[in-house]
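Number of protein chains: 2
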Amino acid sequence: MINGVGRDIPEKIAGIKNVKPYVDPFSNVPIGQITGPRIVANKPRSEKVLQSIEQAIDAAGLKDGMTISFHHHFRNGDYVLNMVMAAIAKKGIKGLTLAPSSLNTINEEIIPYIEQGVITAVETSGARGKLGQLLTSGKLSKPTIIRSHGGRARAIECGELHIDVAFIGAPACDTYGNINGVEGKSACGSLGYAMVDAAYADKVVAITDYLVPYPLFPISIPQTQVDYIVPVEAIGDPKGIASGALRISKDPRELLIAQYAATAIEYSGYFKQDYSIQLGSGGASLAAARFLKEKMKKHGITASFGLGGVTAPFIEMLEEGLIKAVYDVQDFDIPSIESIKKNRNHQEMSASFYANPHNRGPIVNQLDVVILSATEVDVDFNVNVITDSNGVIMGAVGGHQDTAAGAALSIVVAPLLRGRLPMVMDQVHTVCTPGETVDIIVTERGVAINPQRKELIKNLKTANLPIMDIEELRDLAYEFAGKPDPIQVSDKIAAVVEYRDGTLIDVIRTTV
Amino acid sequence: MINGVGRDIPEKIAGIKNVKPYVDPFSNVPIGQITGPRIVANKPRSEKVLQSIEQAIDAAGLKDGMTISFHHHFRNGDYVLNMVMAAIAKKGIKGLTLAPSSLNTINEEIIPYIEQGVITAVETSGARGKLGQLLTSGKLSKPTIIRSHGGRARAIECGELHIDVAFIGAPACDTYGNINGVEGKSACGSLGYAMVDAAYADKVVAITDYLVPYPLFPISIPQTQVDYIVPVEAIGDPKGIASGALRISKDPRELLIAQYAATAIEYSGYFKQDYSIQLGSGGASLAAARFLKEKMKKHGITASFGLGGVTAPFIEMLEEGLIKAVYDVQDFDIPSIESIKKNRNHQEMSASFYANPHNRGPIVNQLDVVILSATEVDVDFNVNVITDSNGVIMGAVGGHQDTAAGAALSIVVAPLLRGRLPMVMDQVHTVCTPGETVDIIVTERGVAINPQRKELIKNLKTANLPIMDIEELRDLAYEFAGKPDPIQVSDKIAAVVEYRDGTLIDVIRTTV
Numbered sequence: 441m442i443n444g445v446g447r448d449i450p451e452k453i454a455g456i457k458n459v460k461p462y463v464d465p466f467s468n469v470p471i472g473q474i475t476g477p478r479i480v481a482n483k484p485r486s487e488k489v490l491q492s493i494e495q496a497i498d499a500a501g502l503k504d505g506m507t508i509s510f511h512h513h514f515r516n517g518d519y520v521l522n523m524v525m526a527a528i529a530k531k532g533i534k535g536l537t538l539a540p541s542s543l544n545t546i547n548e549e550i551i552p553y554i555e556q557g558v559i560t561a562v563e564t565s566g567a568r569g570k571l572g573q574l575l576t577s578g579k580l581s582k583p584t585i586i587r588s589h590g591g592r593a594r595a596i597e598c599g600e601l602h603i604d605v606a607f608i609g610a611p612a613c614d615t616y617g618n619i620n621g622v623e624g625k626s627a628c629g630s631l632g633y634a635m636v637d638a639a640y641a642d643k644v645v646a647i648t649d650y651l652v653p654y655p656l657f658p659i660s661i662p663q664t665q666v667d668y669i670v671p672v673e674a675i676g677d678p679k680g681i682a683s684g685a686l687r688i689s690k691d692p693r694e695l696l697i698a699q700y701a702a703t704a705i706e707y708s709g710y711f712k713q714d715y716s717i718q719l720g721s722g723g724a725s726l727a728a729a730r731f732l733k734e735k736m737k738k739h740g741i742t743a744s745f746g747l748g749g750v751t752a753p754f755i756e757m758l759e760e761g762l763i764k765a766v767y768d769v770q771d772f773d774i775p776s777i778e779s780i781k782k783n784r785n786h787q788e789m790s791a792s793f794y795a796n797p798h799n800r801g802p803i804v805n806q807l808d809v810v811i812l813s814a815t816e817v818d819v820d821f822n823v824n825v826i827t828d829s830n831g832v833i834m835g836a837v838g839g840h841q842d843t844a845a846g847a848a849l850s851i852v853v854a855p856l857l858r859g860r861l862p863m864v865m866d867q868v869h870t871v872c873t874p875g876e877t878v879d880i881i882v883t884e885r886g887v888a889i890n891p892q893r894k895e896l897i898k899n900l901k902t903a904n905l906p907i908m909d910i911e912e913l914r915d916l917a918y919e920f921a922g923k924p925d926p927i928q929v930s931d932k933i934a935a936v937v938e939y940r941d942g943t944l945i946d947v948i949r950t951t952v
Numbered sequence: 441m442i443n444g445v446g447r448d449i450p451e452k453i454a455g456i457k458n459v460k461p462y463v464d465p466f467s468n469v470p471i472g473q474i475t476g477p478r479i480v481a482n483k484p485r486s487e488k489v490l491q492s493i494e495q496a497i498d499a500a501g502l503k504d505g506m507t508i509s510f511h512h513h514f515r516n517g518d519y520v521l522n523m524v525m526a527a528i529a530k531k532g533i534k535g536l537t538l539a540p541s542s543l544n545t546i547n548e549e550i551i552p553y554i555e556q557g558v559i560t561a562v563e564t565s566g567a568r569g570k571l572g573q574l575l576t577s578g579k580l581s582k583p584t585i586i587r588s589h590g591g592r593a594r595a596i597e598c599g600e601l602h603i604d605v606a607f608i609g610a611p612a613c614d615t616y617g618n619i620n621g622v623e624g625k626s627a628c629g630s631l632g633y634a635m636v637d638a639a640y641a642d643k644v645v646a647i648t649d650y651l652v653p654y655p656l657f658p659i660s661i662p663q664t665q666v667d668y669i670v671p672v673e674a675i676g677d678p679k680g681i682a683s684g685a686l687r688i689s690k691d692p693r694e695l696l697i698a699q700y701a702a703t704a705i706e707y708s709g710y711f712k713q714d715y716s717i718q719l720g721s722g723g724a725s726l727a728a729a730r731f732l733k734e735k736m737k738k739h740g741i742t743a744s745f746g747l748g749g750v751t752a753p754f755i756e757m758l759e760e761g762l763i764k765a766v767y768d769v770q771d772f773d774i775p776s777i778e779s780i781k782k783n784r785n786h787q788e789m790s791a792s793f794y795a796n797p798h799n800r801g802p803i804v805n806q807l808d809v810v811i812l813s814a815t816e817v818d819v820d821f822n823v824n825v826i827t828d829s830n831g832v833i834m835g836a837v838g839g840h841q842d843t844a845a846g847a848a849l850s851i852v853v854a855p856l857l858r859g860r861l862p863m864v865m866d867q868v869h870t871v872c873t874p875g876e877t878v879d880i881i882v883t884e885r886g887v888a889i890n891p892q893r894k895e896l897i898k899n900l901k902t903a904n905l906p907i908m909d910i911e912e913l914r915d916l917a918y919e920f921a922g923k924p925d926p927i928q929v930s931d932k933i934a935a936v937v938e939y940r941d942g943t944l945i946d947v948i949r950t951t952v
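Residue numbers (the working numbering), protein chains in the order written: chain W, 441 to 952; chain Y, 441 to 952.
Since the hints were made in silico from the structure, they are not lab data.
Keep in mind that a hint or two might mislead.
Because identical chains share one entry, a pair is satisfied inside a single copy or across any pair of copies.
[Claimed, not checked] Straight-line C-alpha distance at most 27 Å; calculated DSS-like pairs for lysine-lysine:
| # | residue 1 | residue 2 |
| --- | --- | --- |
| 1 | K460 | K483 |
| 2 | K764 | K781 |
| 3 | K530 | K579 |
| 4 | K898 | K733 |
| 5 | K483 | K894 |
| 6 | K764 | K625 |
| 7 | K483 | K898 |
| 8 | K764 | K782 |
Work the whole structure out from these sequences, hints included.
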């Protein structure tokens with residue numbers, strides 16, 4: 441079956457239930473009811489605090505073949521996933537589906553457990569390094585399922601991803617299970633992804649290095665969802681959890697891309713009082729914030745809200761009154777974590793509130809402008825953020841699909857070349873975000889506007905931007921770097937990429 | 441079948457599914473999964489704001505036989521229930537089940553719709569005046585189901601109470617459905633009861649007199665749960681929604697009861713640093729707060745949290761640092777509403793977090809002390825708060841069952857007599873709260889301790905309280921007022937009283 445972005449999706453894929461090819465961004469109307477976790481009663485003054493992770497695994501009734509989840513707010517400082525997997529492996533439990541909100545390089549420690557069959561399937565937003573290579577190798581018994589942050593929330597809520605046991609790294613937790621992410625030595629800020637796991641998993645285990653007397657507030661995850669609590673020495677390495685405020689890029693190519701993106705926003709027609717914006721965490725995105733800030737000051741425009749994975753440039757704009765409120769699913773740096781702790785205009789949100797396409801409206805639906813990064817883009821404006829130029833998984837879909845679909849204006853920034861490789865091409869190796877939801881592609885050599893967006897083309901005419909057709913951009917890339925040979929793949933499907941609505945937008949085959 | 445408090449519960453009751461008699465407070469272990477609402481998708485930039493309640497009724501697909509819900513935070517100032525019912529009646533829809541969190545006297549306006557068959561069944565925490573009389577009359581086609589606040593949250597979450605359309609009175613609402621209760625001319629403070637309805641109803645309609653630009657925060661009910669928004673002139677009468685801070689009682693009998701209750705707490709063994717407390721909103725409860733405050737200051741004790749339906753005495757204690765945090769499901773007066781708006785230590789909570797016995801632990805499970813009112817108590821310590829001395833519904837169960845079961849020490853305060861009627865008796869007319877969960881009964885003439893609570897009896901020996909057996913209290917009451925004739929009832933069951941776990945603790949028969 442050829443899907444809505446021209447990809448050939450087999451009618452059946454071993455290990456994937458109900459293969460449904462992607463059609464277009466909004467035509468897949470959901471049916472049925474939201475699911476819920478097992479009903480559990482808890483008597484007054486009962487004890488939730490256990491002595492060890494092993495005890496919690498037993499208490500939660502974890503068995504062969506079950507699905508377990510984790511959240512990735514601790515980023516490259518995460519100890520929880522590795523620690524829990526080691527304890528599970530020691531118990532001899534096998535055949536688990538690992539369904540974290542995403543995987544970081546630090547989680548390479550779990551590779552032996554995949555090789556030993558403790559983990560036999562993975563569902564994630566992405567993976568990098570050796571883990572990405574392993575997931576592309578086809579060695580797992582089922583294809584890995586790649587989902588966006590909104591798509592994962594959707595899959596959990598509708599029951600497609602049923603979590604038997606969720607392990608929640610809890611920067612602060614009281615003795616009855618109220619959790620927040622803003623206190624303790626491993627503070628990570630928002631717990632937006634974990635909020636969905638806690639609400640729908642049959643069993644929820646909080647793992648904390650800051651157990652406090654009852655009651656803890658503010659509450660990100662409430663006691664009503666938490667079964668067990670395990671105090672441990674450390675749930676993460678603060679240095680890996682959050683960096684200091686990133687310095688704005690000095691790379692002239694990134695600065696040029698950032699400047700073009702900011703100018704495109706300025707002239708787009710969406711740059712109005714009370715507009716809303718999300719920025720990615722890539723170098724060009726962060727740099728664009730600086731240029732945008734200047735333009736906002738110049739025009740006397742303030743934004744109604746900023747959205748995202750939150751970084752320091754947003755916090756500066758919030759504190760300067762240029763953005764009225766920030767909605768936060770994840771924090772990337774220390775200034776953002778400090779802000780969500782103290783600033784009432786900095787609001788925590790769940791991944792469902794952020795981006796789930798199948799609720800009564802996530803906040804991405806109210807987004808005016810988003811700036812997104814890309815690994816590859818093609819002449820149909822399709823974007824790849826998951827596989828590298830060798831066809832190997834090395835990134836994450838994150839909120840890419842979600843914000844591109846939700847925002848009135850979605851701008852993708854990418855260098856025309858990376859090293860000797862063209863980044864604008866005839867066909868991306870893996871479609872993550874469909875071109876229909878991408879409006880502008882900005883490179884350092886030229887800016888291409890989606891031909892469907894007539895009004896936008898008109899508005900940007902006076903912007904003094906190097907506007908060209910997407911095919912011209914591709915030709916330029918090929919001229920510099922040559923047309924790349926297609927990546928040779930086998931028939932074996934190592935992973936499927938879901939669109940946020942649960943349909944399949946592409947498959948990732950093992951390379952040969 | 442004779443249930444756990446000695447009441448005869450028929451094996452079948454027409455109109456009630458799965459009659460299950462009450463056994464004891466905690467032995468009914470829940471099974472199954474939490475339910476969820478219909479999955480609804482909402483496209484970017486779609487419009488939720490409608491022009492009229494009639495339009496919202498149509499859009500929500502309300503049909504004969506469905507179940508609709510409301511919340512009672514506007515108390516005797518509520519316009520929403522009456523307004524919506526008038527619009528529904530005008531459309532000719534019939535046979536609805538009305539399932540508000542409670543009913544107030546102002547809702548007597550809907551009596552014609554019950555008589556006309558627009559409403560044919562009611563599920564509520566209670567009713568007063570003419571509505572109470574009507575619900576006791578047996579004129580409805582099904583018995584009214586009386587549930588506690590925690591029991592209602594439980595019934596909604598497990599699907600026993602499935603809400604087709606929830607109408608939410610929204611003191612402040614933005615154009616995409618984010619709601620809070622702390623802003624606007626009809627501010628009522630916490631929206632704790634409505635939070636459960638919004639999370640589980642198939643369709644959710646927000647009715648507001650303060651529609652604000654996107655985005656509104658803080659958020660009590662999120663956009664992800666709201667389908668439609670209807671702006672109207674007024675959703676309530678501020679004078680009826682909240683009173684000023686109530687003056688502490690000058691009734692010497694209430695003051696004496698309050699003093700005994702405070703002394704009982706002081707000597708109970710639970711009056712320790714970081715204890716927790718809930719007070720009722722009755723005169724004696726409020727007066728007890730004053731005495732307790734003095735004792736806390738004298739002993740240098742502060743409370744970890746206060747809980748409830750919140751009133752001004754709690755706010756004073758919060759602001760003076762005598763209580764570290766207040767958790768709030770409903771506000772009764774203006775000082776409480778102002779506090780929840782501005783004080784970060786004053787936390788909003790849902791009815792499920794408050795009191796649902798079938799989640800992983802509501803906050804009542806962590807409660808040390810509660811002071812509760814009663815209409816009648818009996819020698820088994822059973823409490824009636826729902827029917828008057830004529831057997832007519834004139835009260836509400838509220839959080840009575842929930843806090844009595846959750847608290848380590850539950851104190852029931854009641855006058856020995858009301859007018860010429862004894863309030864301590866052989867058998868209460870209707871059991872709402874089982875004696876097994878009641879520890880002390882305080883009247884102006886004597887204090888009775890549940891004989892099961894040996895430790896408590898020992899602790900209170902030195903308290904200089906007029907301690908006597910519950911039978912002595914009853915004898916005293918009968919001596920003054922005579923033994924009342926039993927209320928004559930028919931076989932017809934007008935209402936059933938659920939215990940918080942969904943079993944039947946009693947039935948209310950029509951009087952003859």
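For which of the previously enumerated hints does the structure constitute a violation, in increasing order of number? Every hint satisfied by this model.
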